[in-house]
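J.: This is what each chain is made of:
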Amino acid sequence: MKIVVCVKTTLPSEAQIRLEGGKLIFDNTPPVINPWDEYAVEAALQQKEAVGGTVTALSIGDESANVALKHALAMGADEAIRITDSALGALDTLATARLLAAAVQKLGGVDLVCFGRQAIDGDSGVTPAQTARLLGWPALTLASAVKIEGRRIRVERSIEEGRQIVSADLPAVLSVVKDFAEPRYPTFMGKRKADRAEIPVWSLAAPAPLVAWGEFAEPPRQTAQCEIITGASPEEIAEKLAEKILAEKIL
Amino acid sequence: MNIWVYIDHFKGAPLLASWEALGLAKRLGNATAVLLGHPMEEAVQAAFEFGADAVLLADDPALADYRAEAFASTLSAAASAQTPDLLLFPTTSRGREIAAMTAADLNAGLLVDVTALEIAAGRVVATRPVYGGKALVRETCAVKPALVTLRGRAFPKPEQQIGRSGPVTRIEVRAEAQTTVEGYSTGEGVSLTDAGVIVSGGRGLTVFPGLDEKSAAARGFALLDELAAVLNGAVGASRAVVDAGHAPYAQQVGQTGKLVSPDLYIACGISGAIQHLAGMRTAKVIVAINTDAEAPIFQVARYGVVGDLYQIVPALTAALKKRLGRQ
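Protein chains in written order, with this note's numbering: chain E, 11 to 261; chain L, 1363 to 1689.
Careful: at least some of the hints might be erroneous.
To be verified - In silico DSS-like links for lysine-lysine, alpha-carbon gap of 25 Å or less:
hint: 1; chain 1: L; residue 1: K1519; chain 2: L; residue 2: K1373
hint: 2; chain 1: E; residue 1: K116; chain 2: L; residue 2: K1373
hint: 3; chain 1: E; residue 1: K250; chain 2: L; residue 2: K1373
hint: 4; chain 1: E; residue 1: K254; chain 2: E; residue 2: K12
hint: 5; chain 1: L; residue 1: K1519; chain 2: L; residue 2: K1646
hint: 6; chain 1: E; residue 1: K259; chain 2: L; residue 2: K1646
hint: 7; chain 1: L; residue 1: K1519; chain 2: E; residue 2: K250
hint: 8; chain 1: E; residue 1: K33; chain 2: E; residue 2: K157
hint: 9; chain 1: L; residue 1: K1646; chain 2: L; residue 2: K1684
hint: 10; chain 1: L; residue 1: K1646; chain 2: E; residue 2: K254
hint: 11; chain 1: E; residue 1: K259; chain 2: L; residue 2: K1373
hint: 12; chain 1: L; residue 1: K1373; chain 2: E; residue 2: K254
hint: 13; chain 1: L; residue 1: K1646; chain 2: E; residue 2: K157
The set of hints was computed from the structure by calculation and includes no laboratory data.
Let the hints inform the model, and build the full structure from the sequences given.
T.: Now the structure itself:
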């Protein structure tokens, strides 16, 4: 089986962000593989271990994309390819999906494309479905369990109401949620292999984005100071707190 | 402006966020509700009662189960024929997916999980949280139609006008899909993203004298369940207790869990790591109960109690039960 996993380099979730004149200023936290994508790599490796095959990691971007690709290699991916947009423009989700679909087609013979559910910078979570649509393959998104038998893939999807169980023929696109399985740590040997890896670069043409990011702003914050409720007993505190909550007229 | 609103539903029962989207559409222009599924009679009636000027309907047994490809194909075909200016969706698992695929079909702009939206010089300008809610970005869509998914509870829910009705137009069903639905295993309780009240537990829930971590957490969550029940709310959890196996991932609030905006968020034994705050800081009123007065959660809370949640939570449940007259 030829398995692809799409990964992205992001800031870690603990990175601090400041705003200056509508622009974002990041602290010096080193970038990491998007945390969701670790689950996607884990899913790809587990399918390879179950049915055999290879895992190829794809990422779009400048050299910083190698952070995510090397992490995927260190976890056990067989090869990595970095994709650059020959127009060097900003990408929206659809342009991203077009580049990834083009890369999957260029690879040829791919059976399964794995994604994390979303990236923690753009927080869109739509690239898996858009890539599937452009390839004309079924999108099995928000997967918490995956089983492949022959050419059939069966997935439990994590939806608002619980789980939806779906199946489809390969090739297919998968997006993985956190309760799939804890991602493995890179091994020492894996890290050494990743450090030495020469990652090939494919230059592909992306269409102009239809959606553009403009100015950034601070999220709304609670302006009022926290009012600490005190009392002689838990009951007294609870009575006072219940009054305060009801006075907010939100229940 | 001709606006379509995709009414997301599970087996014919619409999700609240669909009506919030319909309310926004009414304020911006002419609102057409799009309903795909089977059976849909009750949902169609509700769409009119929540303000739809017209309904586009594909009610067909072939759409009884949600399959992204079939729903997106049906919507794309109707949208290419009738060219709406703007399509709104609630940011639910289905809304996000149908919007993604339809935007790919129509080569249209897609703006996801938007919390504010305006039309400026005929263009859609939206504001949405990025970087786990640490910043907001203004996004502009250069083409028509624009497809926008709206974050739940970011827009007000319109008043229901019982008995209101309007014209229904049937659209062609495109039911072909490569995906087969084999079944469901349904969760219980109120969905976190729809909940008006969330009572959430963190690491503080795992420390109780004389009990091991697992028993302490079980006891703590039982108390949170009782408080949530009095408030018709849902129970959430921090990443720490989910990772430790004391709560299912479906309950996790935070950057790598659910992003929620309830009217009331009661954080019990949650210190308030930046990743947790990213998932709940947009709640209208935050109450924090924690033994550590220095915990960061108090910086975003409106009301705080420095104390033992095992004592405060049951007392609060009793006090609210008395005042709300609920059993």
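J.: Which of the numbered hints above does this structure break?
T.: 2, 3, 4, 7, 8, 11, 12, 13
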